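Engineer: Below, each chain spelled out in residue letters.
Protein chains: 2
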Amino acid sequence: MLIVQKYGGTSVANVERIKNVAARVARTAKEGHKVVVVVSAMSGETDKLINLAHQASLNPNEREMDMLLSSGERVTSALTAMAIEDLGCKAMALTGRQMGIITDDVHTKARIAKITGDRAKKALDDGYIIVVAGFQGITENQDVTTLGRGGSDLSAVAIAAALNADLCEIYTDVDGVYTTDPNIVPEARKLKKISYEEMLELASLGAKVLQTRSVEFAMKYNVPTVVRSSFNDNPGTLVVKEDKDMENVVVSGVAYDKNQVKLTLLSVPDKPGIAAKIFNAIANANVVVDMIVQNVSSDGKAADISFTVPKTDSKKALKITEEIAKELGAKSVALRDDIAKISIVGVGMRTHSGVAAKMFETLSKHGVNILMISTSEIKVSCVIDSKYTELAVRVLHDVFGLEEARA
Amino acid sequence: MLIVQKYGGTSVANVERIKNVAARVARTAKEGHKVVVVVSAMSGETDKLINLAHQASLNPNEREMDMLLSSGERVTSALTAMAIEDLGCKAMALTGRQMGIITDDVHTKARIAKITGDRAKKALDDGYIIVVAGFQGITENQDVTTLGRGGSDLSAVAIAAALNADLCEIYTDVDGVYTTDPNIVPEARKLKKISYEEMLELASLGAKVLQTRSVEFAMKYNVPTVVRSSFNDNPGTLVVKEDKDMENVVVSGVAYDKNQVKLTLLSVPDKPGIAAKIFNAIANANVVVDMIVQNVSSDGKAADISFTVPKTDSKKALKITEEIAKELGAKSVALRDDIAKISIVGVGMRTHSGVAAKMFETLSKHGVNILMISTSEIKVSCVIDSKYTELAVRVLHDVFGLEEARA
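In the order they appear, the protein sequences are chains A and B.
Start counting the first sequence at 1; every next residue gets the next number (the numbering used here).
Start counting the second sequence at 1; every next residue gets the next number (the numbering used here).
So here's chain A without its partners, still in its complex pose:
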């Protein structure tokens, strides 16, 4: 088999752990598999570099930021390759560029356009274990780019797709995907298997085990992906195509996200094209809007528009929104950063009715007020006051019976 193994920051936090990673990689290779390893920066390194950048400049250039940040993964890839060689295997570290990872030129959150991977293919055939610096690529213009937070997951899945790997293993500091955060609900259960769609919803909802875009990529190219711990040999959670069994389970997991803020434009004169105007401007600043709710006022002449954006982009989004508000003649702009989004996810929702109602009822029964609602085929999300987060997660986990063994 050709296996891609990705190791996150905590798994390569120091040389001792890098040696453990090397041992696992060597063991996999000695079992007869071809192995491509993708590594993150040693934990803390990326934040250290970001901190240096903000000391050096009030507003660091993003192109230079990418050159800066990409160095963390280079360091780990070189050290990991050395440690693997020390165990008697042939190993070769490759940068994003040497791996042929071509991206667009949106610095600090670039998207992968293609992966050539010719050098890696040849080296694999020559018996090398490949160690790729994750999180990074290169533009057509030869500039270094990075793929955004958690981008090494995306590197791994994209490389697995490009090389037609049989399996992509994401090694992290948790055992797999749980029905919810075990720190909040001790009865949370590890899932043996989950569909791409469910994983995608969970990831986009803030469950941090797998980066959203990497799940999209895995789904698009049908890459069987395992999430497991680098600190033990537990089997982890397999992320695969939806199968018949999965439909029997109405809700697979409860997720929460405290990293969003809610922006509201109050009393926007209701004219066609207003929403487009607002959300185009925000999209042009590369800010991703999550939920959107629009209410028309009682007289029908003005609307309140609320939406959520990541906390990290709140300043940028607020500035743009305030400009737009002025332009549109809105009354004012309100920002709330004490919110949380609680979501339930499950492919079974497609064939079971009343799931959303049960969620609203449960929250209401416990005195949790709902500020915004958003639904998809396999998900219901509610924005609530952040102080109720833990309570909401616990009661939903309980009411949907997630602590019981999955069928």
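Please note that the accuracy of each hint is not assured.
Copies of the same chain are indistinguishable here, so a pair counts whether it falls within one copy or spans any two.
Claimed, not checked - Computed cross-link-like contacts, DSBU-like style, restricted to lysine-lysine with a CA-CA straight-line distance of at most 30 angstroms:
| hint | residue 1 | residue 2 |
| --- | --- | --- |
| 1 | LYS358 | LYS192 |
| 2 | LYS90 | LYS315 |
| 3 | LYS19 | LYS48 |
| 4 | LYS319 | LYS19 |
| 5 | LYS277 | LYS121 |
| 6 | LYS311 | LYS331 |
| 7 | LYS19 | LYS315 |
| 8 | LYS387 | LYS190 |
Bear in mind the hints are in silico, worked out from the structure with no lab data behind them.
Remember, it's a predicted structure, so these values are computed and weren't measured experimentally.
With chain A's structure known, arrange chain B on it following the hints.
Structural biologist: Frame of chain A, contents of chain B only:
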């Protein structure tokens, strides 16, 4: 003018100093010059990475070592470019690869083959200050290489040559080139001007202000180079082509080098081709031999061959020498690491006689035994017991009148 400015590790040791560098660069640009900046890794970073590598592997792969080490200069170049932009100038960080620095594939001490520099030329014309990550290049096969200790000096001079710069300024933590180490001789005097040849001898003799190969490069391409401090505005020392004035000075400087070891093959049967055999094997391991002395034994049938190599290569050189000794039937191999090389340098030696004799006489008068002698047109070197280093430097500095103002 087009000016290349190189800043060493102590000049960019932290963000505060990087901001000082940025201020100097911006000032130079605002005076109307085009500026290319070459930066080293923040001081201590390279050693930290080397240390990590030796923790990860008993014998780190040199290709991976280069990928590892090159990250230090990337970090500094990105931070420096950000800091310059913060002062209102346009700046662009370029890696060795983006600068088009092509080298051979001798990892950890690669030689520059050519510099294309097209992107830098265009960016300079577009009004950018270029900040190049020093110490690194790339092979034709797209692998990252490093240029050896002090390699950022070489990057700077080679870039100055390739771009036809008017001046190459090497900023370091000393004021310029001194007649000898002021730590040993407080009366040591800063030279206003020195010829490439003298600088080359001084650099190769261990004076650490400018890396040897960078001086060779400056001489070959006639790059006017200034060595000066980044911590003040003192004018520094200009390294240029030899001129008439310089001939009047017999000795320009006294240098010492404690970073060599002496290897001796004892009683090698004297046959043709023996020296070639030894030094070919050592050269093939990329170890640079400095001094060589061969003595034929009294009966003419066996020879003792002594030579010096850098301390860092002593293990490698000893291993090779022991193998060769066995093959050639030599009696044994002796290694001495308690030696120092003391040298006097001056283009005036070409036209003044008796300089070497005066050196030997002075050392002898102070009880310093000479173990090896080597001379060139503008230099005399003696290997002595290292415990006499400071004494020898002091008495030679005195006897050649170096504390007086230069004519």
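Engineer: With reference to the structure, classify each hint as holding or not holding.
Structural biologist: For each hint, the structure was consulted:
{"no.": "1", "hint": "LYS358 with LYS192", "in the structure": "within (26 angstroms within a copy, 86 angstroms between copies)"}
{"no.": "2", "hint": "LYS90 with LYS315", "in the structure": "between (48 angstroms within a copy, 25 angstroms between copies)"}
{"no.": "3", "hint": "LYS19 with LYS48", "in the structure": "both (23 angstroms within a copy, 18 angstroms between copies)"}
{"no.": "4", "hint": "LYS319 with LYS19", "in the structure": "between (47 angstroms within a copy, 29 angstroms between copies)"}
{"no.": "5", "hint": "LYS277 with LYS121", "in the structure": "neither (46 angstroms within a copy, 41 angstroms between copies)"}
{"no.": "6", "hint": "LYS311 with LYS331", "in the structure": "within (23 angstroms within a copy, 75 angstroms between copies)"}
{"no.": "7", "hint": "LYS19 with LYS315", "in the structure": "between (41 angstroms within a copy, 26 angstroms between copies)"}
{"no.": "8", "hint": "LYS387 with LYS190", "in the structure": "within (26 angstroms within a copy, 68 angstroms between copies)"}
This entry does not satisfy hint 5, going by the numbered hints stated previously; all others are met.
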